[in-house]
Amino acid sequence: MNTRATAAHALAAPGAAPGRTAGPPLWLLLELTYRCPLHCVFCYNPTDFANTGPELATADWIRVLREARALGAVQLGLSGGEPLARDDLEEIVGEAHALGFYINLITSGVGMTEARIKALKAAGLDHIQLSFQDSTREMNDFLSSTRTFELKAKVAQLIRAHDYPMVLNVVLHRLNIDHVGEILAMAEALGAQYVELANTQYYGWAWLNRQQLLPTRAQLQRAEAVTRTFRERLGAAMQIYFVVPDYFETRPKACMNGLGSVFLAIAPDGTALPCHAARMLPGLELPNVRDADIGAIWYDSPAFNRFRGDAWMKEPCRSCPERVKDFGGCRCQAYLLTGDADNADPVCDLSPHHGLVTEAVARAEGAAAASAAAASTQPHRTPGLTFRDHRVSIPVVIEEKRT
Amino acid sequence: MSDTPRDIPLSSRPAIAHGMRLQWEAAQDAHVLLYPEGMVKLNGTAGAIMSRCDGVRTVADIVADLERTYSQSGLTKDVVAFVALAVQRRWLEAFP
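The listed protein sequences derive, respectively, from chains A and L.
For the first sequence, position 319 matches number 319 in our numbering, and the numbering has no gaps at all.
To convert, count from 1 in the second sequence and add 1000; that's our numbering.
In case anyone wonders, no lab produced these hints; they're calculated from the structure.
Check each hint, because a few of them may be wrong.
[Said to hold, decoys possible] If you only want the chain L side, here are some residues facing chain A, beta carbon under 10 Å, derived: (1) Met1020; (2) Arg1021; (3) Ala1026; (4) Tyr1035; (5) Arg1090.
[As the list claims (entries may be wrong)] Calculated cross-link-like contacts (lysine-lysine; reagent style DSBU-like; alpha-carbon spacing at most 35 Å): (6) Lys118/A <-> Lys154/A; (7) Lys121/A <-> Lys154/A; (8) Lys314/A <-> Lys1041/L; (9) Lys1077/L <-> Lys121/A; (10) Lys314/A <-> Lys401/A; (11) Lys1077/L <-> Lys118/A; (12) Lys1077/L <-> Lys1041/L; (13) Lys314/A <-> Lys325/A; (14) Lys121/A <-> Lys1041/L; (15) Lys401/A <-> Lys325/A.
Beta carbons are placed, not taken as given, at the ideal position from N, Cα and C, and that holds for glycine.
Same shape as in the complex, but just chain A (with noise of 0.2 Å):
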């Protein structure tokens, strides 16, 4: 969810009101492979992502976009895992842009040449978002635990030359946050038109990275600070939108405009999903596109109705006016937390398992200050940290069971 909760936030939600039928998916993602030359310490794919089947093949994916489309899905992105890593990338966006879609490819650049970013083009592609994982070479090579700094300019300056649109996404923690200024201002020295800023969120592989990632208050008020310069001096030229980490509010986002809403999520193995973590959570039997169709799935799987209207809540979320607002926030979150799916989110102020969030903040802040000189400028000191990595299968842990 880190890259991709504003572009669900920015769709005009229709809403699934209880007694309703729900509107179309009209955001489509599909994380054609879990491989990946990175191994990025914050990445939101599953920890076993290692145990899951077969990859689809082209002409599933491409029934698939066929299906979405028909049911009104406009929005497309491609992820993974490394998008590029898909020798048939080139195929699926033809087909996405033949049916309609607006296509974005959400990559690290790994795999990106000349010669394939002019088929893309030809094929219809509309956008390219790039990953950089700190402004330095030093950062964010480490954070990736790979040599990818100057590859990644390099492709930056091809998607220029290209005419697309340029959009850095950064995913931010604690070792890179102090660095906001120099990546912004490395996006404007690229010629960035939008700029995330993804303060991390706590899934998958940033899970398992928690206390060694989460910033302290005083580092996020810094960086909203720089920020806010950048913005008031370049205004609508360079866009910058700066995803809060939800560790330090009172409210929970809004996940997904609730789940079923307006997204859906295919995972290389066909699996289908109402948020891109929801395969973690308990009891929820997930279709596979190998089985069912896209319409069966979306409106009639007993997985994409589980979270619809409010019936599922449990106090205090049941009588909360802010319900409609927020949802009672993440449902992956509260399970991680919780232990139970259908509790409140806990980064909620009126839920009564809120102390999780500030206890966990708390601690980082103190994991933060012991190791505050060495962690901020020798980050290769900062020990614990799990890289992403396929050799490694990691089942998942709520709170309570971690020591």
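With the hints as your guide, set chain L onto chain A.
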């Protein structure tokens, strides 16, 4: 750079901004404006104006066309105000 709407002369030729796409979506019964990872669903008036912004027709042409199509008069002020807002939001580019 200022973010306040600027005056739009009647002779300017607005076009859908670079990187944006306008299209009719039957499923939403509306024109939508598509851009990187976002979408704006336009109301009928906005859709009627923006679908005429082709970079060739002037604002005056668009007003005349709308007044003819919808059998109304005095639309200049509303159209100019909308075009100014859309330019400010970078939905439209207005060429002199």
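Results of checking the hints against the structure:
For Met1020/L, the interface hint holds, since its Cβ comes within 10 Å of a Cβ in chain A; the closest pair sits about 9 Å apart. This hint holds: Arg1021/L has a C-beta 6 Å from the nearest C-beta of chain A, less than the 10 Å allowed. A cut of 10 Å between beta carbons decides the hint on Ala1026/L: the least distance to chain A is about 8 Å, and the hint holds. Hint status for Tyr1035/L: holds, given a least beta-carbon distance of 8 Å to chain A, under 10 Å.
This hint holds: Arg1090/L has a C-beta 6 Å from the nearest C-beta of chain A, less than the 10 Å allowed. For the hint linking Lys118/A to Lys154/A, the alpha-carbon distance of about 15 Å falls within 35 Å, and the restraint holds. In summary, the hint linking Lys121/A to Lys154/A is supported, as the alpha carbons are separated by about 17 Å, within the 35 Å threshold. A distance of roughly 33 Å separates the Cα atoms of Lys314/A and Lys1041/L; the hinted pair therefore holds under the 35 Å criterion.
A hinted pair counts as satisfied when its Cα atoms are at most 35 Å apart, and Lys1077/L with Lys121/A does not qualify at roughly 39 Å. For the hint linking Lys314/A to Lys401/A, the alpha-carbon distance of about 23 Å falls within 35 Å, and the restraint holds. A distance of roughly 43 Å separates the Cα atoms of Lys1077/L and Lys118/A; the hinted pair therefore is violated under the 35 Å criterion. Pair hint Lys1077/L plus Lys1041/L holds up; C-alpha atoms about 23 Å apart against a cutoff of 35 Å.
The straight-line distance between the Cα atoms of Lys314/A and Lys325/A is roughly 16 Å, inside the 35 Å bound, and the hint therefore holds. Taken as a hint, the Lys121/A and Lys1041/L pair is honoured in the structure, with Cα atoms around 26 Å apart against an allowance of 35 Å. Distance check on the hinted pair: Lys401/A and Lys325/A sit about 31 Å apart at the alpha-carbon level, within 35 Å; holds.
Checked against the numbered hints given earlier, this structure breaks hints 9, 11; the rest are met.
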